[in-house]
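Chemist: As a plain string of letters, each chain reads:
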Amino acid sequence: MSSGGEGMRRALRACMISLVLASLLFVRTTEAARWLWLGPLFGLTLASPWLLRLARFVSVRLLWNLSVLGTFALLVRHVTYAGVAFLLEDGLLLAALCQVHLVNNLSDAQKPDLLFFNSFLIAVVTSFLSLDLGYSLVLLVYAPLLVVSMQLLALSRAGVEGTPSLVPAIVRSGLVRSAGVLALTLALFLVVPRDFGRRGLLGETLGLKAPGALEVAFSDRIDLEQSGQVTQSSRIVMTARSSDGSAPPLYWRGAALDVFDGQGWRAARGVHQDAAWCGGRGLWTRTLPSAGRTMDVYLVDPDAPRLFTPLDARRLELRSPDVDAAPQPDGNFRRILTGQRRPVRYTVEMAKPATPGGRRDPAGVGVHIALDARAVPQEAYDLRHELKRGIAPGAPQHVVAERFRSAIAARFPYLVPGASGGARSLAEFLRGGAGAHCEYFATALAVTLRLEGIPCRVVTGYRSDETNAQDGLLTVRAQHAHAWVEVLDPEAGWMTLDATPAGAGGAVQARGFLDSVRQTAERIWAAVAGFNTEARETLFAWFGALPGRIARSPGDAALFSVALALVVVAGRLRRRRREEPHGRAYRKALRRLKLELGPTETPRELLARARRTAYPAEGLRELEVATAVHEQARYVG
Amino acid sequence: MSLRPTGLGVRTALFFFLLVAAFFAAPYANLFFLLLLFLTILGAFDLLAARANLAGASGRVEEIQPMPAGAGGAGLAVVAAGRRRWAVAVEVELEGALGTLRAALGLAEGEAKLALPVPPLPRGLYRVRAARIASTWPLGLWKARRAIAAPAEVVVYPAPLALATSRGAGGGVGELYDMLGSAHGFLQPSELREYRPGDELRLVHWKASARRGTLVIKEWEGGTGSGHEVVLDLRATGEELEEGLSAVSALAHAAKEQKEVLTVHSQGLSATFGGSHRPWRELFRFLAAASPLPEGGPPPPPVSPAVLRLPRRKGAA
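Line order of the protein sequences matches chains A and B.
Start counting the first sequence at 1; every next residue gets the next number (the numbering used here).
Start counting the second sequence at 1001; every next residue gets the next number (the numbering used here).
The hints are simulated quantities; they were obtained by calculation from the structure and are not laboratory data.
Ideal placement from N, C-alpha and C gives every residue a C-beta, glycine not left out.
Mixed in with the good hints there might be a few duds.
Said to hold, decoys possible - Residues of chain A clear of chain B, computed beta-carbon distances all greater than 10 Å: (1) 35; (2) 40; (3) 58; (4) 264; (5) 276; (6) 294; (7) 349; (8) 470; (9) 514; (10) 559; (11) 594.
What the hints assert, rightly or not - Cβ pair distances, simulated, as ranges: (12) A:66 / B:1120: 40 to 46 Å; (13) A:91 / B:1083: 45 to 51 Å; (14) B:1084 / A:91: 42 to 48 Å; (15) B:1056 / A:40: 50 to 56 Å; (16) A:46 / B:1120: 40 to 46 Å.
Said to hold, decoys possible - If you want the ones that stay clear, here's a sample from chain A, every Cβ over 10 Å from chain B, calculated: (17) 48; (18) 80; (19) 90; (20) 275; (21) 351; (22) 466.
Bound-form chain B, shown alone:
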């Protein structure tokens, strides 16, 4: 546990030292001494009480779900207070973000849960620099702090297109979704491979399986043949990329809501998300961290030309 003076504590200390100087400059006076003693004991008492208030307490910040840019969100914090404790706050310092995420309880006892509000943040990955429980109880001159476990980062992915649309950007989710259509219509069978646990039964090539005596899966060019597929080319201008990311974010949201999967191909990524595939969190993390590549940069993995490509170039139909 660490103890540090608060802003009020620093100002009070300055005031106190001024009074001490005045006390020694002036002739001895009993009441001045009494008041100075009162202030000294108040400060010392606050130090001890602040320490005692947090002694033995602990807590943790549960995983903070990825949140869209500009919308804010909330994490869940748990304070294991045990006995009765006053004014316990949970603070999370994010790297690069302004301020500190904090939530406070007036009176905590046993194990108390509290929502940790996250303000609207721009797209990005915010590393958690420090997480702690803190208290300035009782007088606010000292702050006792204790580090607690917290997730390593907060993921703020691009605002989905609907959100962006409401802010005046072009395009819409419905239009995009229509363009995706059903992936089956665009895909061509490419090869056969052996069945792997997790593969959908509808992808089994029964004739080939019967021939070989083992289950065989029909692979489709550009994906598994289930759900939707999109290519995200990072070789774009910043504005274009943001638009593209918002579109992928919107598609991911839509697919997630409809319990479908989405395959995303991009520089450094070619994976299917949702269902039994990779978790959505990974896609959101990729979208949160994505940055534009130069025009001559590496292309995304080759897929069928029919697969939707994002971002849509300016002037393209």
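Chain A with its partners taken away, still in its complex shape:
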């Protein structure tokens, strides 16, 4: 770095320290490093102005370098015993350590470049590991910091001496510039076409998965401790219409899960208590009494792994050629995916729903009642004990189950998947306070029911009540993915029981202004992180329909006109601000005399021209003064 002013150097150093702090915050958002590691790094960064003064002592430098080498050795050792899976996390920590080392040690000539590149690299790598709102906030701070730092560095390297007024001016221009660049980045991000499903070389060879936000969608297993950003997609998965015009069922099953291991649910192999499907070649039936109505189902999602059916289905017939499926012991249909990805049409005939009743009969329910005691948290036992209060001994099973369901639904708060502040384990959820999504409610109900000796299982699929009132068409979207419980009734067989509070799945009520701001920010960030082809098409369709909507709606037209007027006024104000006062005064004097500068005419020549013409003396005097001031400011000052 060449000799910049002390003010410039100080400002650049402050920016570099801030960049390192931002890098550490990026790492923190991934939760790859604990505060035990990051705390000292934050401290060393903040203390760097004082530590630099000590760097002139050989002993301090020696101690510092030994500490860095020691930390590096610790990280390498951690990778060797923790496994390669931690390579990225440890690498990230190492990169953060490098940042702290740089801001404390290397010469001014090297530092900014390396710091910039390393900080950007950390931002990129952490984007793979963290999709939380926190990441977006750090990014929003990091981007202007980077721009301002680069501007300060450019001036410093040009040998410009920093004046007291120059540094604030650079910071201001950097903030404006970064806002513009960020806005343009976002605009291009929305419109640039690309392959959202590209797996890349590493994806194809090493099987790496895209780090994007998880989409709420059907899954044939439940992992309660899965964390990260989750997006709610309105992508249509399927539609269904009843033959008699009645509303189709709400619950469409995809998989039944019986085994709970403390962290989630998975399907069990073996005998289920479902009526078996018979048939083949696109037509299956089971011996249940017919309800006399069928559903025409259109499975739009070409990659759907299941053919979703209601619990009371008794007949399924495939309508699409070259498509096959296989019935499962749990009563569901696994779709046999071939090379061709295409939507599937099928019809489902409904059976008469059975009425629950009878006494509990634990015999023969096997897997539906089993629970590994080690997998069940103490909180579940406590809950079951509490829920049992007030239930008469010997009450029918369905009464007990319904009391458990309603109590759980009323007791715990619901949060959309991925929402911040949500529970991260069943125990945390059951302790109360931290809300969670449907999988936790289903798990809480299923576990307490099994502790009570009631056979049940968790089912995943879709729950949608988006039925068109005119044509009775039910639309099922990705965001309608759901988990609930099925209880094995001794008389009626499997019965649906949903512990998730009614109305869940929609927007969660915000608690206060800050909460609503946070929720809005989370939704926006989730939309960015989970942006995909469908979202892009929706956006384009929205913009495409905008002129028509404006033309049709006077309210929209007025809003659009006001927005346009604001943009024009803002542009003019900006232009006025950029023009110096002497320029404005000169133009005003010209306007008063209705004069215009010729293409090659100088102000002085124009003044001479004006003097030759009979203009009012006052106007001419104003022009003379304005010309003199303009020349003075433009060419002398």
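Mind docking chain B on chain A? Use the hints.
Modeler: Chain B alone, transformed into the frame defined by chain A:
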């Protein structure tokens, strides 16, 4: 105007290409794409902004006064910025000199003047290879440059003897100056000639003028008879010549300060400098460019033996 990436720009481009390769190697990720887009726009924006920052601006480097060797100096540069412009630098590339002369303004507007520092240079003539205004604003990834007018060369003449003396060389200006004495004491009248505009009236030979009816000037052998006179013989060793040049440089400085003239006779030069005679700059240029001649080389023009001869030979009294 030309645009070229800076060192930081080249390194950033390499970093960018590495990131692009990583992006295509890894599965598609929205945030990676967003960051890559941000970096791309930042680079492109810097290119446009660097160009816009210098568009319409111009400048010039005023004449850089000859400067003594090893002392450094300063030129004057003018930046005609017009509107507000950030971080405009004036750069002058000298042939044979290390580095580039540069001076920068944080914020330029209208016509701004700035001193262009010249570092201490050894004796010589430095041709100006290029002069330009340049800016790496805003992000320092690109450098916009525009050529401006500048003097053809920078003259660095030998350090005057006082300067050399302070560095341990022998001799002194005062001693030399005393040896010069008044040129009138040494010169002999040689011939008469007609008056030419610029001649001093005290040189008019009034009696001869009266005889001829027109103004006549009395010429003195070895010079005009005014100021001081010195012979610089380039047939010397390098060290001797440098000493001689330093001495002439010192004499020239002294004469210039006292508003006197100095006549210098040397191989390829026999002229009087100062006053209404030839400008001092020419003498300094000659001194800056002088190089030793072999022993058998051409002698300096013949002058009175009383005229001071430089360099003084080793061992001479």
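Chemist: Could you run down the list of hints and mark each one as holding or not?
Modeler: Here is what the structure says about each hint:
1. At roughly 24 Å from the closest C-beta of chain B, the C-beta of residue 35 of chain A stays outside 10 Å, upholding its exclusion from the interface.
2. With 10 Å as the threshold on Cβ separation, the claim that residue 40 of chain A sits away from chain B holds: the shortest Cβ distance comes to roughly 28 Å.
3. With a cut of 10 Å on Cβ distances, residue 58 of chain A stays outside the contact zone with chain B, its closest approach being about 31 Å.
4. Every Cβ of chain B is farther than 10 Å from the Cβ of residue 264 of chain A; the closest lies at roughly 24 Å, confirming the non-interface assignment.
5. Distance check on residue 276 of chain A: its Cβ is at least 41 Å (rounded) from any Cβ of chain B, clearing the 10 Å threshold; non-interface status holds.
6. Taking the minimum C-beta to C-beta distance to chain B, about 41 Å, the non-interface status of residue 294 of chain A holds against the 10 Å cut.
7. At the 10 Å boundary, the C-beta of residue 349 of chain A stays outside the reach of chain B, the nearest C-beta of that chain being 42 Å off.
8. Non-interface call for residue 470 of chain A relative to chain B: holds, since the shortest CB-CB distance, roughly 37 Å, exceeds 10 Å.
9. Non-interface call for residue 514 of chain A relative to chain B: holds, since the shortest CB-CB distance, roughly 25 Å, exceeds 10 Å.
10. Residue placement check: residue 559 of chain A keeps its beta carbon more than 10 Å from all beta carbons of chain B (closest about 29 Å).
11. Residue-level check passed: residue 594 of chain A sits 26 Å from the nearest beta carbon of chain B, beyond 10 Å.
12. Roughly 43 Å separates the CB atoms of residue 66 of chain A and residue 1120 of chain B, a value that falls within the hinted 40 to 46 Å.
13. Judged by the Cβ atoms, the range 45 to 51 Å given for residue 91 of chain A and residue 1083 of chain B holds: they are separated by roughly 48 Å.
14. Between residue 1084 of chain B and residue 91 of chain A the Cβ separation comes to about 45 Å, which falls inside the hinted range of 42 to 48 Å.
15. Separation of residue 1056 of chain B from residue 40 of chain A is about 53 Å and conforms to the stated range, judged on CB atoms against 50 to 56 Å.
16. Take residue 46 of chain A and residue 1120 of chain B: their Cβ atoms lie about 43 Å apart, and the range 40 to 46 Å holds.
17. Distance to chain B confirms residue 48 of chain A as a non-interface residue, since its nearest Cβ pair spans about 22 Å, more than 10 Å.
18. With a cut of 10 Å on Cβ distances, residue 80 of chain A stays outside the contact zone with chain B, its closest approach being about 25 Å.
19. A cut-off of 10 Å between C-beta atoms confirms that residue 90 of chain A is not in contact with chain B; the least separation is 19 Å.
20. With 10 Å as the threshold on Cβ separation, the claim that residue 275 of chain A sits away from chain B holds: the shortest Cβ distance comes to roughly 42 Å.
21. The claim that residue 351 of chain A is not at the interface with chain B holds, since no C-beta of that chain comes within 10 Å of its own (minimum 44 Å).
22. The claim that residue 466 of chain A lies off the interface holds: its Cβ sits roughly 27 Å from the closest Cβ of chain B, which is beyond the 10 Å cut-off.
In terms of the numbered hints stated before, the structure departs from none.
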